[in-house]
Amino acid sequence: METTPEPQVPPPALDLDEVTVAYGPALALENIDGMVAPGEAVALIGPNGAGKSTLIKAILGLVPLAGGRISVLGRSPAAARRDVAYVPQADTLDPEFPISVGQVVLMGRYRRIGWLRRAKAADKEAARRALEQVGLADRARHRFGTLSGGQRQRVLLARAIAAEPRLLLLDEPFNGVDAVSEQALLDAIALLKQDGAAVVVSTHDLALAHLACEEVCLLNRRQYGFGPTQATLTPDRLRATYGGHALELRGDRVIVAHS
Amino acid sequence: MYQIFIEPFRFPFMARALAELMILGALAGTVGVLILLRRLAFMTDALTHTVFPGVVIGYLLSGEGGIFWGALIAGAATAVLLTLLTRHRAVTEDAALAVLLTTFFAVGVVLVSRESGYTADLTAFLFGRILTVTPAQLTQTLAVTALVIAMMVILRRPLLARSFDPEGARASGYRIGLLDLATNTVVALVVVASVRAVGTVLVIALLIVPAAAARVVSDRLALIVPIAAVLGAFAGWAGLAVSYDASIHHGLRLASGGTVVLVLIAGHLVALAAAAVIRRRPRPVRRAA
Numbered sequence: 001m002e003t004t005p006e007p008q009v010p011p012p013a014l015d016l017d018e019v020t021v022a023y024g025p026a027l028a029l030e031n032i033d034g035m036v037a038p039g040e041a042v043a044l045i046g047p048n049g050a051g052k053s054t055l056i057k058a059i060l061g062l063v064p065l066a067g068g069r070i071s072v073l074g075r076s077p078a079a080a081r082r083d084v085a086y087v088p089q090a091d092t093l094d095p096e097f098p099i100s101v102g103q104v105v106l107m108g109r110y111r112r113i114g115w116l117r118r119a120k121a122a123d124k125e126a127a128r129r130a131l132e133q134v135g136l137a138d139r140a141r142h143r144f145g146t147l148s149g150g151q152r153q154r155v156l157l158a159r160a161i162a163a164e165p166r167l168l169l170l171d172e173p174f175n176g177v178d179a180v181s182e183q184a185l186l187d188a189i190a191l192l193k194q195d196g197a198a199v200v201v202s203t204h205d206l207a208l209a210h211l212a213c214e215e216v217c218l219l220n221r222r223q224y225g226f227g228p229t230q231a232t233l234t235p236d237r238l239r240a241t242y243g244g245h246a247l248e249l250r251g252d253r254v255i256v257a258h259s
Numbered sequence: 001m002y003q004i005f006i007e008p009f010r011f012p013f014m015a016r017a018l019a020e021l022m023i024l025g026a027l028a029g030t031v032g033v034l035i036l037l038r039r040l041a042f043m044t045d046a047l048t049h050t051v052f053p054g055v056v057i058g059y060l061l062s063g064e065g066g067i068f069w070g071a072l073i074a075g076a077a078t079a080v081l082l083t084l085l086t087r088h089r090a091v092t093e094d095a096a097l098a099v100l101l102t103t104f105f106a107v108g109v110v111l112v113s114r115e116s117g118y119t120a121d122l123t124a125f126l127f128g129r130i131l132t133v134t135p136a137q138l139t140q141t142l143a144v145t146a147l148v149i150a151m152m153v154i155l156r157r158p159l160l161a162r163s164f165d166p167e168g169a170r171a172s173g174y175r176i177g178l179l180d181l182a183t184n185t186v187v188a189l190v191v192v193a194s195v196r197a198v199g200t201v202l203v204i205a206l207l208i209v210p211a212a213a214a215r216v217v218s219d220r221l222a223l224i225v226p227i228a229a230v231l232g233a234f235a236g237w238a239g240l241a242v243s244y245d246a247s248i249h250h251g252l253r254l255a256s257g258g259t260v261v262l263v264l265i266a267g268h269l270v271a272l273a274a275a276a277v278i279r280r281r282p283r284p285v286r287r288a289a
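Chain order of the listed sequences is A and B.
For the first sequence, this note's numbering gives the first residue as 1, with consecutive numbering after it.
For the second sequence, this note's numbering gives the first residue as 1, with consecutive numbering after it.
Hints were generated in silico from the structure; no laboratory data involved.
A couple of the hints might just be wrong.
[To be verified] Distance condition first, Cα-Cα at most 25 angstroms in a straight line; then the derived SDA-like pairs of lysine to any residue:
1) A:120 / B:149
2) A:193 / B:173
3) A:124 / B:167
4) A:193 / A:230
5) A:124 / B:160
6) A:120 / B:150
7) A:124 / B:174
8) A:120 / B:174
9) A:124 / B:153
10) A:120 / B:223
11) A:120 / B:220
12) A:124 / B:156
13) A:120 / B:164
14) A:124 / B:223
15) A:193 / A:210
16) A:193 / A:129
17) A:120 / B:170
18) A:120 / B:173
19) A:124 / B:166
20) A:124 / B:152
21) A:124 / B:155
22) A:124 / B:170
23) A:193 / B:167
24) A:124 / B:219
25) A:120 / B:151
26) A:124 / B:218
27) A:120 / B:156
28) A:193 / A:15
29) A:120 / B:221
30) A:193 / A:179
31) A:120 / B:154
32) A:120 / B:160
33) A:120 / B:152
34) A:124 / B:222
35) A:124 / B:220
[To be verified] Okay, the calculated beta carbon distance ranges per label pair:
36) B:277 / A:195: 43 to 51 angstroms
37) A:137 / B:254: 49 to 57 angstroms
38) A:124 / B:122: 51 to 59 angstroms
39) B:12 / A:79: 55 to 63 angstroms
40) B:87 / A:117: 29 to 37 angstroms
In this text, a Cβ means the ideal position worked out from N, Cα and C, and glycines have one as well.
With the rest of the complex left out, here is chain A (with noise of 0.2 angstroms):
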């Protein structure tokens, strides 16, 4: 095999590349194509059932390719896994778990720490500043299952923070989260994007895709659309990729995108 010269730009954080991925038979999703910088972050929008968790699993390399390719910051997803982090939905945890807040987020370190080792200073004070990243300092000591929705998720993402990671990948986190919460979020992930990370963030929220991500995919089955969120975000994509049916908008403050 020849030897590649050293590139000269830093890798994407995510290149997909005719990305094909099939539960048996049936296609979960079909020649997804697109591009991630580090510092950008990007919207998965499409309906239930789209594809956008099997999306990022694959992105995690936790599900085969049946076609196509991903590279995460240069390099295969199972190569690129210690860059990445991924913030799965709060509840889908046991609420029930006897577990602090403190000892969640230093889970973000397991991978740093090893099997043995006890956990230096260094990664408690990662987990402490990820903790203050989102504004729950002071809920280290509580149990995680008695923070509110929105705080659980808080604390999911500062585990991810706490981890350093390159890329960070977020299923549907502003899910059933209130207000507070869904700005304490947003900031944090703002202060990564800021540090160069690259976000990738499945949502039906498109209000919260205009506030969070450059770039928005729009996904079901297939791609509908991917590029900078505000040229992307049309009516007519939109409903394209929703089949017609109503979309899944919140009340008070529904932005549809204005061709």
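Using the hints, position chain B against chain A.
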């Protein structure tokens, strides 16, 4: 008190039984916390049943000494089978388990029923024979304990991450399949080590009750684990002492395994009561300046 709790253990066989039960109690209490966190109580119950035919076959092949190895093989086979079964959720987990456990258990019962001392043997397998623990058995128990504790210490972070958030753990690169196999193996090892002493039926109590009681009084893992271990060990001691005292001094024959479980249940009830009292205690009143 001295007469009940210390005196009986002057006899070497009682001292060995005490050591065996306290080690198993502490070990099962610790592993029980993992079972609780992973919600594997039913899986554990299935495991205790599937180990049963292994116990019987081991005994038929080479007597008392074969029980451990028979149980070990059956336990290991079940741990692997369960990991595979629950990995692909084609069958609902609990239905698959229910089929598996009754099948294995029936095989065990059929095998025992061919023996002449049917009832006595069956009783021993189901409820254990704690008073005949040999030094060799004690050594086996210690070896299993060391192995299980080592696995739990090494895997504590991955196991915690996987129990709390399986998707997140997988995303950060942990091999969930291997972690689940390790979990099932740990549980199987404890069941195997305990089965001769307390029998297949009562192992489940040793594993589940201390952890459940500890969870009632605390929601911090750093406390739950030691509380469960101490409660398990204490129940072994108290149960053994009480059943001995009742049998010798009061002419009341109490099976030691069953007494241990009853002490555990009593501990759980105390924990529930304590938790209720703590919750009801009025918040500290702010002092007037």
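Status of each hint after checking the structure:
1. Distance restraint check for residue 120 (chain A) and residue 149 (chain B): the Cα-Cα separation of roughly 23 angstroms lies within the 25 angstroms cut-off, and the hinted pair is therefore satisfied.
2. With a CA separation close to 23 angstroms, the supplied pair residue 193 (chain A) and residue 173 (chain B) stays within the 25 angstroms bound.
3. Using a Cα cut-off of 25 angstroms, the hinted pair residue 124 (chain A) and residue 167 (chain B) holds, with the two alpha carbons roughly 23 angstroms apart.
4. Straight-line distance between C-alpha atoms of residue 193 (chain A) and residue 230 (chain A) comes to about 19 angstroms, which keeps the hinted pair within the 25 angstroms bound.
5. Proposed proximity of residue 124 (chain A) and residue 160 (chain B) is supported: the alpha carbons are some 17 angstroms apart, at most 25 angstroms.
6. About 22 angstroms separates the Cα atoms of residue 120 (chain A) and residue 150 (chain B), which keeps this hinted pair within 25 angstroms; it holds.
7. The straight-line distance between the Cα atoms of residue 124 (chain A) and residue 174 (chain B) is roughly 21 angstroms, inside the 25 angstroms bound, and the hint therefore holds.
8. Distance restraint check for residue 120 (chain A) and residue 174 (chain B): the Cα-Cα separation of roughly 21 angstroms lies within the 25 angstroms cut-off, and the hinted pair is therefore satisfied.
9. Between residue 124 (chain A) and residue 153 (chain B) the alpha-carbon distance is near 20 angstroms, which keeps this suggested pair within the 25 angstroms criterion.
10. Only pairs whose Cα atoms come within 25 angstroms are accepted, and residue 120 (chain A) paired with residue 223 (chain B) is accepted, the gap being roughly 22 angstroms.
11. Our distance criterion of 25 angstroms between C-alpha atoms is met by residue 120 (chain A) and residue 220 (chain B), whose separation comes to about 21 angstroms.
12. Simply put, residue 124 (chain A) and residue 156 (chain B) have alpha-carbon atoms about 18 angstroms apart, close enough for the 25 angstroms limit, and the pair holds.
13. With a C-alpha separation of about 22 angstroms, the suggested pairing of residue 120 (chain A) with residue 164 (chain B) holds against the 25 angstroms cut-off.
14. Restraint check: the Cα-Cα separation between residue 124 (chain A) and residue 223 (chain B) comes to about 20 angstroms, which is no more than 25 angstroms; the hinted pair holds.
15. With a C-alpha separation of about 15 angstroms, the suggested pairing of residue 193 (chain A) with residue 210 (chain A) holds against the 25 angstroms cut-off.
16. Pair hint residue 193 (chain A) plus residue 129 (chain A) holds up; C-alpha atoms about 16 angstroms apart against a cutoff of 25 angstroms.
17. A hinted pair counts as satisfied when its Cα atoms are at most 25 angstroms apart, and residue 120 (chain A) with residue 170 (chain B) qualifies at roughly 24 angstroms.
18. With a CA separation close to 21 angstroms, the supplied pair residue 120 (chain A) and residue 173 (chain B) stays within the 25 angstroms bound.
19. At roughly 23 angstroms between alpha-carbon atoms, residue 124 (chain A) and residue 166 (chain B) fall within 25 angstroms of each other, so this suggested pair holds.
20. For the suggested pair residue 124 (chain A) and residue 152 (chain B), the alpha carbons sit about 23 angstroms apart, so the restraint of at most 25 angstroms is met.
21. A C-alpha spacing of about 20 angstroms is found between residue 124 (chain A) and residue 155 (chain B), which places the hinted pair at or below 25 angstroms, so the restraint holds.
22. Annotation: proposed proximity of residue 124 (chain A) to residue 170 (chain B) holds, straight-line Cα distance about 23 angstroms (limit 25 angstroms).
23. About 24 angstroms separates the Cα atoms of residue 193 (chain A) and residue 167 (chain B), which keeps this hinted pair within 25 angstroms; it holds.
24. Between residue 124 (chain A) and residue 219 (chain B) the CA atoms are separated by roughly 21 angstroms; this keeps the pair inside 25 angstroms, and the hint holds.
25. Distance restraint check for residue 120 (chain A) and residue 151 (chain B): the Cα-Cα separation of roughly 22 angstroms lies within the 25 angstroms cut-off, and the hinted pair is therefore satisfied.
26. Using a Cα cut-off of 25 angstroms, the hinted pair residue 124 (chain A) and residue 218 (chain B) holds, with the two alpha carbons roughly 24 angstroms apart.
27. Restraint check: the Cα-Cα separation between residue 120 (chain A) and residue 156 (chain B) comes to about 17 angstroms, which is no more than 25 angstroms; the hinted pair holds.
28. The suggested pairing of residue 193 (chain A) with residue 15 (chain A) holds, with an alpha-carbon distance near 17 angstroms, which does not exceed 25 angstroms.
29. For a cut-off of 25 angstroms, the pair hint linking residue 120 (chain A) to residue 221 (chain B) stands: about 20 angstroms separates their Cα positions.
30. Under the criterion of a C-alpha separation no larger than 25 angstroms, the hint pairing residue 193 (chain A) with residue 179 (chain A) is consistent with the structure, at around 21 angstroms.
31. Only pairs whose Cα atoms come within 25 angstroms are accepted, and residue 120 (chain A) paired with residue 154 (chain B) is accepted, the gap being roughly 17 angstroms.
32. About 18 angstroms separates the Cα atoms of residue 120 (chain A) and residue 160 (chain B), which keeps this hinted pair within 25 angstroms; it holds.
33. Proximity of residue 120 (chain A) to residue 152 (chain B) is assessed by CA-CA distance (about 21 angstroms); at most 25 angstroms being required, the pair is judged to hold.
34. A C-alpha spacing of about 17 angstroms is found between residue 124 (chain A) and residue 222 (chain B), which places the hinted pair at or below 25 angstroms, so the restraint holds.
35. Between residue 124 (chain A) and residue 220 (chain B), the direct Cα distance comes to roughly 18 angstroms. Compliance with the 25 angstroms bound is thereby established for this hinted pair.
36. For residue 277 (chain B) paired with residue 195 (chain A), a C-beta distance near 49 angstroms keeps the hint of 43 to 51 angstroms intact.
37. Restraint check, residue 137 (chain A) to residue 254 (chain B): a C-beta distance of roughly 55 angstroms satisfies the suggested window 49 to 57 angstroms.
38. Taking the beta carbon of each, residue 124 (chain A) and residue 122 (chain B) are about 55 angstroms apart, inside 51 to 59 angstroms as hinted.
39. Taken as a hint, the range 55 to 63 angstroms holds for the pair residue 12 (chain B) and residue 79 (chain A), whose Cβ atoms sit roughly 60 angstroms apart.
40. At about 30 angstroms, the CB distance of residue 87 (chain B) to residue 117 (chain A) agrees with the hint of 29 to 37 angstroms.
Checked against the numbered hints given earlier, this structure breaks none of them.
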